[in-house]
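Peer 1: Read off the chains here:
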Amino acid sequence: MNSLIKLEITRALRNKKFLFFSVVYPSVLFLLIAGSSDSSTMVDGTGLNLAAFMMVSMASFGALTAVLMGNSERIAKERESGWVRQLRLTTLPGRGYVLAKTASAAVVSLPSIVVVFVVAAVTKGVRLDAWQWLALVVAIWAGSLCFAALGVAIGYLATGDAVRPITMIVYFGLSILGGLWFPSTGFPQWLSDIASWLPTHAYAALGQAIELGNAPHGKDVTLIVAYFLVFAGGAAWLYRKDTLKA
Amino acid sequence: MGSMTTTAQATEVVSFERVSKSYGDVRAVDGLTLDLHPGETVALLGPNGAGKSTTLDLLLGLRPADTGSVRVFGTSPRDAIVQGRVGAMLQSGGLMDEVTVAELVKLACALHPKPYKPGEVMSRAGIAQLADRKVNKLSGGQEQRVRFALATAGANDLIVLDEPTTGMDVSARQAFWATMREQADQGRTVLFATHYLEEADAIADRVLVLHRGRLLADGTAAEIKARAGARKVAFDLEGDIDEQALRALPFLTTLDVSGRTVRLQSSDADATVHALYGLGVYPRNLEVAGLGLEQAFVAITTAEEARTS
Chain A
1 MNSLIKLEIT RALRNKKFLF FSVVYPSVLF LLIAGSSDSS TMVDGTGLNL
51 AAFMMVSMAS FGALTAVLMG NSERIAKERE SGWVRQLRLT TLPGRGYVLA
101 KTASAAVVSL PSIVVVFVVA AVTKGVRLDA WQWLALVVAI WAGSLCFAAL
151 GVAIGYLATG DAVRPITMIV YFGLSILGGL WFPSTGFPQW LSDIASWLPT
201 HAYAALGQAI ELGNAPHGKD VTLIVAYFLV FAGGAAWLYR KDTLKA
Chain B
1 MGSMTTTAQA TEVVSFERVS KSYGDVRAVD GLTLDLHPGE TVALLGPNGA
51 GKSTTLDLLL GLRPADTGSV RVFGTSPRDA IVQGRVGAML QSGGLMDEVT
101 VAELVKLACA LHPKPYKPGE VMSRAGIAQL ADRKVNKLSG GQEQRVRFAL
151 ATAGANDLIV LDEPTTGMDV SARQAFWATM REQADQGRTV LFATHYLEEA
201 DAIADRVLVL HRGRLLADGT AAEIKARAGA RKVAFDLEGD IDEQALRALP
251 FLTTLDVSGR TVRLQSSDAD ATVHALYGLG VYPRNLEVAG LGLEQAFVAI
301 TTAEEARTS
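If you read the protein sequences in the order shown, they are chains A and B.
142 is the number that our numbering gives to position 142 of the first sequence; each next residue is one higher, with no gaps.
281 is the number that our numbering gives to position 281 of the second sequence; each next residue is one higher, with no gaps.
Bear in mind the hints are in silico, worked out from the structure with no lab data behind them.
Bear in mind the structure is a predicted one, so any value in this text is a computation, not a measurement.
Do not take every clue at face value.
Claimed, not checked - List of simulated lysine to aspartate or glutamate pairs, EDC-like, C-alpha gap at most 20 Å: (1) A:Lys245 x B:Asp66; (2) B:Lys134 x B:Glu103; (3) A:Lys245 x A:Asp161; (4) B:Lys232 x B:Asp270; (5) A:Lys6 x B:Asp132; (6) A:Lys77 x B:Glu143; (7) A:Lys17 x B:Asp270; (8) A:Lys241 x B:Asp66; (9) A:Lys6 x B:Asp256; (10) A:Lys6 x B:Asp97; (11) A:Lys16 x B:Glu98; (12) A:Lys241 x A:Glu80; (13) B:Lys232 x B:Asp256; (14) B:Lys137 x A:Glu80; (15) B:Lys137 x B:Glu182; (16) A:Lys77 x B:Glu98; (17) A:Lys17 x B:Glu143; (18) A:Lys77 x B:Asp97; (19) A:Lys219 x A:Asp193; (20) A:Lys245 x B:Asp30; (21) B:Lys137 x B:Asp97; (22) A:Lys16 x B:Glu103.
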């Protein structure tokens, strides 16, 4: 299985478009949104200034891009092309394919997190304790597994033609409503009530709590874990269904 | 399951027992029973929709059978694959794109329990010169050879090929079958689905004719030809042609008179021609020839269709 993971990673790193959208694009968005703010521009109700807030949002967004896009589109396309069938004629265990995809997506998501951090620290002077930086990387990286599972589920649900629009709707919907692009504190009350239950909102909240020097809130951790279980369960069910159809 | 395995089954390479598979109302495979023996080169022959691909899917464990049992080397298809005993080349087997041919072959070797060296696999499949080519930049025939390389990445005992020469030109096809014969000569069992009937005729020791998910014929290519009326006889007659007398010839299966020319098929051409002279006629330009497998095949399936409808 390691050989497949290695090849998937090589392939992901070769795909310039994919690298741009997951590694460079979040940093560009960060600069566009937080670039002209000064350190006293606070985000209401968070205790964080705009730069610190958007740093976590964009790091989360980058990781989300890498794992969601990386999994869903490839899986749907490769199911259709028959590569998944071909792999089933090897010793690779059934889960191996999905694990290799997720592992390679995680390899790309790591730089997308780190690059946003570096850009934020250098251009906007975001300063945190060493443990906070480390905890942020771990939390955002680990939290992205939730969306990797969602990507797998979409990959097994959608056909090759439909997968891109479906992924895009889910991706932009979760990003914007979850407050990754701009703080959901600016939403009307009803919308921010909905947003607070979205996995992306809980995901960004993990990092924001760490930035304030706190442990992530229990509700957010519980939400992320619950979504992960739902997505992973759905992905497993769809995978099994797909296997019976060959 | 294990206690049900008899020793007779365990020695067979593949054993289907009353296997059925439906998609909705369509019975793709209908009570199929067959065994493949070690070292055979077997053609699975049938028109489109005969159930060839489904049969191979069942054999490879890609789909579960509705009823009946499928055993490969005395175990389940999946276990046989995990043991590295089965290599397969699917018609619908896509390839990973954005990687090179060499990377893909290396992956296949790494995943095989009894792998060959990637360089060896590529040169045997005739793709050594394509090693650095991206997989998505290959022609149809080249892709087929890459699939063949993936199917032969290790020391398999059974090689399964679904329409392997699709997209190949004549010379590539010949080269492919030469490679395949080497595999068979090493004692491997080879099963291939085809509707290139001349391939079945030229390559296979044994031909299985599949029609509407059922096994219609099982024998050597020669036997299958014999079953459909072995030989065709053609000649010209002068004067009046007594069709009644011709129709009464022994071993006759079909008769066609157009103008002076008589064409007939016979399951025993020697006896038919002997009787023809017995009629006191003098046939000119007499030709006796074997039926191609294609005609034999058409004859068998037409007879079957007439019987069932």
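Peer 1: So if I understand the rule, the pair passes when the alpha-carbon distance is 20 Å or less; does Lys77 of chain A with Asp97 of chain B pass?
Peer 2: 10 Å, holds
Peer 1: Please verify whether Lys245 of chain A and Asp66 of chain B have alpha carbons no more than 20 Å apart.
Peer 2: 12 Å, holds
Peer 1: Please work out if Lys137 of chain B and Glu80 of chain A have their alpha carbons no farther apart than 20 Å.
Peer 2: The given pair, whose Cα atoms are some 18 Å apart, holds under the 20 Å limit.
Peer 1: Are the Cα atoms of Lys137 of chain B and Glu182 of chain B separated by 20 Å or less?
Peer 2: 28 Å, violated
Peer 1: Would you check the hint for Lys16 of chain A and Glu103 of chain B, treating anything up to 20 Å between C-alpha atoms as holding?
Peer 2: 19 Å, holds
Peer 1: Check whether the Cα positions of Lys6 of chain A and Asp132 of chain B lie no farther apart than 20 Å.
Peer 2: Holds, because 17 Å separates the two Cα atoms, which is no more than 20 Å.
Peer 1: Next pair to validate is Lys77 of chain A with Glu143 of chain B; report whether the Cα-Cα distance is within 20 Å.
Peer 2: Satisfied, since the Cα-Cα distance of roughly 18 Å is no more than 20 Å.
Peer 1: Between Lys232 of chain B and Asp256 of chain B, is the straight-line Cα distance small enough, at 20 Å or below?
Peer 2: Roughly 11 Å between the alpha carbons, so the hint for Lys232 of chain B and Asp256 of chain B holds.
Peer 1: CA of Lys6 of chain A to CA of Asp256 of chain B, is that 20 Å or under?
Peer 2: Violated, at about 66 Å.
Peer 1: Hint check: Lys245 of chain A vs Asp161 of chain A, CA-CA at most 20 Å. Holds or violated?
Peer 2: 19 Å, holds
Peer 1: For a C-alpha distance cap of 20 Å, please report whether Lys134 of chain B and Glu103 of chain B respect it.
Peer 2: The hint holds at about 9 Å.
Peer 1: Are the Cα positions of Lys16 of chain A and Glu98 of chain B separated by 20 Å at most?
Peer 2: Holds, at about 11 Å.
The structure does not agree with the numbered hints 7, 9, 15, 17 stated previously, though it agrees with the rest.
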